[in-house]
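Visitor: My request is simple: use the sequences and hints to build the entire structure.
Number of protein chains: 2
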Amino acid sequence: MIKILVDCFGGDHCPEAPVSGAIAALEKNPDLHLLLTGDENLLKKELEGKHYDSSRLEIIHAPEVIGCDEKPTDAVRLKRNSSMMKAIIMLRDCDDIAGMVSTGSTGALVTGALVRLGRIPGIIRPAFCPILPTMDGSLVGICDSGANVEVTPAHLRQFAIMASLYMSNVYGVNSPRVALLNVGKEAEKGDELRQETYKLLQETPSVNFVGNMESRDLLSGNYHVIVADGFSGNVLVKTTEGTALQLLKKLKTDIYSRTVYKLGALLMKKMFQEEKEFMNYQNYGGSVLLGTSKVVVKGHGSSKASAVEKCIEQAYRMQLSGLSEKIESEIARYEHYED
Amino acid sequence: MIKILVDCFGGDHCPEAPVSGAIAALEKNPDLHLLLTGDENLLKKELEGKHYDSSRLEIIHAPEVIGCDEKPTDAVRLKRNSSMMKAIIMLRDCDDIAGMVSTGSTGALVTGALVRLGRIPGIIRPAFCPILPTMDGSLVGICDSGANVEVTPAHLRQFAIMASLYMSNVYGVNSPRVALLNVGKEAEKGDELRQETYKLLQETPSVNFVGNMESRDLLSGNYHVIVADGFSGNVLVKTTEGTALQLLKKLKTDIYSRTVYKLGALLMKKMFQEEKEFMNYQNYGGSVLLGTSKVVVKGHGSSKASAVEKCIEQAYRMQLSGLSEKIESEIARYEHYED
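Protein sequence lines correspond, in order, to chains A and B.
So the first sequence is numbered by this note's numbering: it starts at 8 and just counts up by one.
So the second sequence is numbered by this note's numbering: it starts at 8 and just counts up by one.
Do not take every clue at face value.
What the hints assert, rightly or not - 25 Å max Cα-Cα, derived DSS-like pairs, lysine-lysine:
#, chain 1, residue 1, chain 2, residue 2
1, B, Lys276, A, Lys269
2, A, Lys283, A, Lys256
3, B, Lys277, A, Lys257
4, A, Lys283, B, Lys283
5, A, Lys259, B, Lys276
6, A, Lys52, A, Lys35
7, A, Lys283, B, Lys257
8, A, Lys269, B, Lys269
9, B, Lys259, A, Lys277
10, B, Lys192, A, Lys78
11, A, Lys259, B, Lys269
12, B, Lys192, A, Lys86
Hint data in this document are derived by calculation from the structure and do not stem from the laboratory.
Guide: What follows is the structure, given as structure tokens:
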């Protein structure tokens, strides 16, 4: 039995989305056991009339909610009875719980996980790794995408190792092609951080390093892992999502501007729905935090039930694949790291 | 008469694109005089049979070409007879020449311009400012987008001032809304560079600073100038272009996959053409280098004639608006800057 906590408050569609997502995940995975954190009365009400295996679903009462505007350090320190912090603390204290999923405040989740959970032995800094779909139908993971705005080459090498293991173990990518986000393809491009990281990645047998990537090639399908500092990685991911969303919105507005376009769009309805689904980040699960001692998956704040379900599946597959142990043993190969 | 140099070699469609672009620009602007640099024989051959006012078009013989893979410092030092370096040197030496346009190597152009042209008095570092179209039909300038991968808050403040003046003087934007690229909207987000820059921009009356911008909002139309270090600014611009291009490509492939989609697309042909034009960066001119003593416009390497024409128009409008003088007098208001 794999036990996973689901933080049911803090996202835009709470508690409906986490509760329905949890029920759907339970149905698909008979060896999954979920613990929902949040206000007991509200959760009970939400579960009313729904069908699920009650022997594999528990409610953990945690009446407080962390808002998106709250200062992460304050939230971690003062809101121990919040649905998120309660989950983090239980995850730390209970050996039989494998991981947690949350759609709440990213800052509070990262801070809480780092402070309370600790890291996989050898890992200097945990990092976020969201997944995007590429144009050839494959997936690309971007690590880090925001947990660390300031990094060293040693950090970036660890991000490369962790994200490679994640893509191969959880998504079945064989020898993932890893690239370093840079302003040009040549080895000497970028600042000192990029130049040194380039050399370090070349000397890292655990990583199938294929060189620098310019950001316009992210969706090309040529890469499975992009290594980046948390600042530019965040820009990379959010710009991609933002551009796709804005363009779809523009297409929609333009279609409605003329009857003949509406007619054309009617013929293409199925295709447009597929495009929309393709670009919908909710279909690709959440952003996993790699390097913490236990599994942490962060879903978008706007996650609906199916997105939460995918986050739970991710946590489940991460645990099932023994990812943490594999990261630990691979990192141990590189003893001489600097912090 | 406004004199502008056009580097006719180094881009993908050379010399056809620069030569045709130059002729088109001459036709539209009777007080424009162009000097084309490059191999005299090749340029003469390209001009053969074309109609243009030969009293306003000169050829400057420069037989060498700088390749995209050449090391910028070597190119600047060793290729003085290249079409690009010849243009830079003439621009420096001739008081009556206002600016230059090139579609050649970005690295060589930046290095050459910084080494040979010098800066507007008071400017610490020149910076690139490309323009992107937003979803509400306005434009947004991103400064810096790659000339400086390492910067200080003082640099970023100057980028904000220069880009604001550029957007208001060349594109007629009234009191441009300036935002700082960051990983979140709140003032305390990001690293020390971002936090200090935020404070500095708040204390800068020359700039209509509206706060941090998350990269997913770039195309929203809410901002006219985005201030960024050259690394993340480069990621911002190239990710936007890359995502738009990849999505258009995907749409096209999907349309061709079924007859009914092809039929629908036929009804929407005009709309799709407009979308394509809207997303075609060639329609928005080049990336201008702000802060050099003379006007420098860098067109995409893939620029066709109309894109080169737009770059020439940009250089022309920059000179006509007296942008350099305005930058100099505005920068002088802030005496206490650190390098």
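Visitor: Look at each hint and say if it fits the structure.
Guide: Evaluation of the provided hints:
A hinted pair counts as satisfied when its Cα atoms are at most 25 Å apart, and Lys276(B) with Lys269(A) qualifies at roughly 12 Å. Distance hint between Lys283(A) and Lys256(A) is fulfilled; the C-alpha atoms sit about 10 Å from each other, no more than 25 Å. Taking the CA atoms of Lys277(B) and Lys257(A), the gap is about 15 Å. The hint holds against a cut of 25 Å. For the given pair, Lys283(A) sits about 19 Å from Lys283(B) by alpha-carbon distance, which is consistent with the 25 Å threshold.
The hinted pair formed by Lys259(A) and Lys276(B) meets the criterion: a straight-line CA distance of about 15 Å does not exceed 25 Å. Proximity of Lys52(A) to Lys35(A) is assessed by CA-CA distance (about 23 Å); at most 25 Å being required, the pair is judged to hold. As the CA atoms of Lys283(A) and Lys257(B) are separated by approximately 12 Å, the hinted pair is consistent with the 25 Å bound. Straight-line distance between C-alpha atoms of Lys269(A) and Lys269(B) comes to about 15 Å, which keeps the hinted pair within the 25 Å bound.
This hinted pair checks out: Lys259(B) and Lys277(A) have alpha carbons roughly 15 Å apart, not beyond 25 Å. Distance hint between Lys192(B) and Lys78(A) is fulfilled; the C-alpha atoms sit about 13 Å from each other, no more than 25 Å. A C-alpha spacing of about 18 Å is found between Lys259(A) and Lys269(B), which places the hinted pair at or below 25 Å, so the restraint holds. Distance check on the hinted pair: Lys192(B) and Lys86(A) sit about 23 Å apart at the alpha-carbon level, within 25 Å; holds.
Comparing the model with each earlier hint shows no violations; every hint is respected.
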